[in-house]
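*Asks:* Line by line, the protein sequences are chains A and B. Throughout, the working numbering is defined as the position within the first sequence, counted from one, plus 49. Throughout, the working numbering is defined as the position within the second sequence, counted from one, plus 58.
Hints were generated in silico from the structure; no laboratory data involved. Being a predicted model, the structure only gives us computed values, none of them experimental. Among the hints, erroneous ones may be present.
[Said to hold, decoys possible] Here are a few chain B residues that face chain A, going by a calculated C-beta distance under 10 Å:
#, residue
1, Arg-126
2, Ala-130
3, Trp-144
4, Phe-176
[What the hints assert, rightly or not] The calculated lysine to aspartate or glutamate pairs, modelled on EDC-like cross-linking and capped at a C-alpha distance of 20 Å, are:
#, chain 1, residue 1, chain 2, residue 2
5, B, Lys-232, A, Glu-153
6, B, Lys-151, A, Asp-231
7, B, Lys-232, B, Glu-221
8, A, Lys-213, B, Asp-95
9, A, Lys-213, B, Asp-88
Ideal placement from N, C-alpha and C gives every residue a C-beta, glycine not left out.
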Amino acid sequence: MKFLEKMMQIDRRWIYLAIFLAVIIPAIIPFTVPMSVSPEVKKIYDFVEGLGPNDYLFVAMDYDPSSLAELNPMAEAILKHAFLNDRKVVIVTLSQFGPGMVEEITTRLAGEYNRIRGEDYVFLGYRPYPAITIMLMGTDFRVPFPQDYYGVPLDSLPMMRGIKNFNNVKGVIDLTAGNTADMWITYGNARYNFPLAIGITGVMAADYYQYLQSGQIFGIIPGVKGAAEYERLIDKPGQGMQQASYQVVAHSVIILFIILSNVAYFATRGQKSKLGGAR
Amino acid sequence: MKREIPLMIVTVTGIIMFVQYFIPSNFSEDVFTFLQDWVMIIGILSLPLGIWSLVKANTQKLKVPDERFYSAVLLIGFLVMVVSGWMPDWRSKGIHLALFQNVLIPIQSTIFSLLAFFVASAAYRAFRARSVLATILLLTAFIIMFRLIPTGPFADINNWLVEKILTIPNMAAKRAIAMGLALGAAATAIKIILGIERTYMGRD
Chain A
50 MKFLEKMMQI DRRWIYLAIF LAVIIPAIIP FTVPMSVSPE VKKIYDFVEG
100 LGPNDYLFVA MDYDPSSLAE LNPMAEAILK HAFLNDRKVV IVTLSQFGPG
150 MVEEITTRLA GEYNRIRGED YVFLGYRPYP AITIMLMGTD FRVPFPQDYY
200 GVPLDSLPMM RGIKNFNNVK GVIDLTAGNT ADMWITYGNA RYNFPLAIGI
250 TGVMAADYYQ YLQSGQIFGI IPGVKGAAEY ERLIDKPGQG MQQASYQVVA
300 HSVIILFIIL SNVAYFATRG QKSKLGGAR
Chain B
59 MKREIPLMIV TVTGIIMFVQ YFIPSNFSED VFTFLQDWVM IIGILSLPLG
109 IWSLVKANTQ KLKVPDERFY SAVLLIGFLV MVVSGWMPDW RSKGIHLALF
159 QNVLIPIQST IFSLLAFFVA SAAYRAFRAR SVLATILLLT AFIIMFRLIP
209 TGPFADINNW LVEKILTIPN MAAKRAIAMG LALGAAATAI KIILGIERTY
259 MGRD
């Protein structure tokens, strides 16, 4: 009983230590987590897979380095999928810290899959005021982005010659850790009626299932698990699969702590009742 | 006139923006683009004000011994990032990208990753079956968390349960909140356009 009483008053630093070890162990002893694919992720995969040779995919990478661990694996998986299938991708970021990350990912993956900037993909860059930028892009991409991120006029890029606004892209995938998903739904999908899917952090997932059921978005990639599912679908295990193992161990530890906490709570509560103590 | 003119601008612009949304025509698009440009111009004009305020406040703090170090770091970081990212060519190589990838990304990622420790500690203390409602919360959290853990033959049942939780009680609550927020926002917008709500103009 003493152990359980102690558990009720456990110093939080022991919990921190347990979580630290839970995250470190899979890094030392790597293992693969069996991953079942959810329908909302499969729909995005099917959409990208179904794009024709002349179809354009629009990817918005609207996140900061703080959520990079969850959203970078998604971005990489989607871009790898599009590049593998030789599909054209227009990329934008509506996050002020986004350009550096997008630049790093696109340059690396383009090199890996022999994609040429301006012919196979375009990085438009960053503009402030997400809602306004979305609406202006609905009029013409050239209004908010007369030049791409590298200062090249859009009209001089071979890939952008036949493309004006969202009417010319097959669909939009927004990867975000903030409220830009709401803006893409409200000002993008509602106004310009393009198919929209989102990739979001795990904690945001519950907020966006309503839009999935209403048909305003056609798919969701929720957190690291979603990214790992997408990697499994394209058969390119990467950061998502790796991080899924960390997450599994960390979640297992949290679940064990919660069970222990409740056992300790009920055991000590019974004891207090016998002694006439407060609950 | 000091109050009437801004109110008139808000009313006229608000009505134009409201009406143009429902009129799909080239003229409507032009009006929309023109007014959106103005929003950007006004926003951009506020940027120097913010920079001036930041630099001024931190320059003053340089005189305070306890705060000198942090203000100096901020001012140096600010100057280095502005200068190094000034030209488009400089952004994709050199010191700007190196600082972004080797300083800013690790700092932000580290701060965010600390959440895992706080969440674990909070979960340990908060998820206790103290009452019926707390027990429902605990069970729901358990089911959702088990989704991430490979549970063999139970995975399908758990996934089914997660889907039901997300698409029925969760969605009903979220929709109610979203509708409430939207109606509130619409009511506030109407009040601003009609000049009933004037607190945004400050006091004078």
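*Asks:* Taking 20 Å as the top limit, are the C-alpha atoms of A/Lys-213 and B/Asp-95 close enough?
*Replies:* holds, 19 Å
*Asks:* Let's test the interface hint: is any C-beta of chain A closer than 10 Å to that of B/Ala-130?
*Replies:* Where the cut-off is 10 Å and the nearest Cβ of chain A is about 23 Å from B/Ala-130, the hint is violated.
*Asks:* Hint check: is the beta carbon of B/Phe-176 less than 10 Å from a beta carbon of chain A?
*Replies:* Check passed: Cβ of B/Phe-176 comes within 9 Å of chain A, closer than 10 Å.
*Asks:* B/Lys-232 and A/Glu-153: Cα distance at most 20 Å?
*Replies:* Violated, because 36 Å separates the two Cα atoms, which is more than 20 Å.
*Asks:* Given the proposed pairing of B/Lys-232 with B/Glu-221, does the C-alpha separation stay at or below 20 Å?
*Replies:* holds, 15 Å
*Asks:* Would you settle whether the hint for B/Trp-144 is holds or violated, based on the nearest Cβ-Cβ distance to chain A being less than 10 Å?
*Replies:* violated, 12 Å
*Asks:* Checking one constraint from the list: CA of A/Lys-213 to CA of B/Asp-88, max 20 Å. Satisfied?
*Replies:* OK: A/Lys-213 and B/Asp-88 at ~15 Å, within 20 Å.
*Asks:* Holds or violated: B/Lys-151 with A/Asp-231, Cα cutoff 20 Å?
*Replies:* violated, 33 Å
*Asks:* Would you settle whether the hint for B/Arg-126 is holds or violated, based on the nearest Cβ-Cβ distance to chain A being less than 10 Å?
*Replies:* Violated - the Cβ of B/Arg-126 stays beyond 10 Å from chain A, reaching only about 27 Å at its closest.
The structure shown violates the earlier hints numbered 1, 2, 3, 5, 6.
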